[in-house]
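Student: Now for the letters of each chain:
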Amino acid sequence: AQSVTQLGSHVSVSEGALVLLRCNYSSSVPPYLFWYVQYPNQGLQLLLKYTTGATLVKGINGFEAEFKKSETSFHLTKPSAHMSDAAEYFCAVTPRGKLTFGTGTRLQVTL
Amino acid sequence: DTGVSQDPRHKITKRGQNVTFRCDPISEHNRLYWYRQTLGQGPEFLTYFQNEAQLEKSRLLSDRFSAERPKGSFSTLEIQRTEQGDSAMYLCASSRGDSLIRHNEQFFGPGTRLTVL
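So the sequences go chain by chain: L and R.
Here my numbering is used: position 46 in the first sequence is 46, and no number is missing along the way.
Here my numbering is used: position 75 in the second sequence is 1075, and no number is missing along the way.
Hints were generated in silico from the structure; no laboratory data involved.
Values in this document were obtained by computation on a predicted structure and should not be read as measured data.
Even glycine gets a Cβ: it sits at the ideal position worked out from N, Cα and C.
One thing to keep in mind: the hints can contain errors.
Incomplete in silico selection of chain R near chain L, CB under 10 Å [unchecked claim]:
1) 1048
2) 1052
3) 1091
4) 1093
5) 1106
6) 1113
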């Protein structure tokens, strides 16, 4: 079975500050891990994914995440937040098919 | 635009009525997924199809819910005798399904927001 825990349902950062959204997972098999972003009243857009290979993965819009097996973590970071980054972010895990999502973290970016 | 489309985008219905949603996947994708997202939660898996075959159903999918993909292209999700607890966003996603080993990215539609009064 798989599960995802996202620490912090709301995160607020200033524009230009570091963004750190936390995700821990549990999986009975080697996982594939994902971060999705959701803007209001829209579907989900894939930011980045880890399947195999390099543990530091880069995604769209300047986001990146590092897979740390020893910590069962896949935290999402961005060096400098933009106002346009304000959205809901979901971490997800899958063995090889259906996705299991966390409860989401709402990112607020302030001036 | 060749993305995943869903219809309708919004549906308001009265408790006890039946509703049907449609999903059109990306044309070359043979896997199609349905998820449900309630307010403040992440999406939860409901069911998925490989071509026209429904291969897995979640325990969330009660007997009031039925999904079909008759020709392996578009899919419908029907909810009979709707209840207020069915109010949610229903998301559809599609992906290639050419490997049992490699995960293929799921592309999501915009969702259908259901409100049951």
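Student: All hints are to be evaluated individually against the structure, with a verdict given for each.
Tutor: Against the structure, the hints come out as follows:
| no. | hint | verdict |
| --- | --- | --- |
| 1 | 1048 | 6 Å, holds |
| 2 | 1052 | 17 Å, violated |
| 3 | 1091 | 6 Å, holds |
| 4 | 1093 | 8 Å, holds |
| 5 | 1106 | 7 Å, holds |
| 6 | 1113 | 7 Å, holds |
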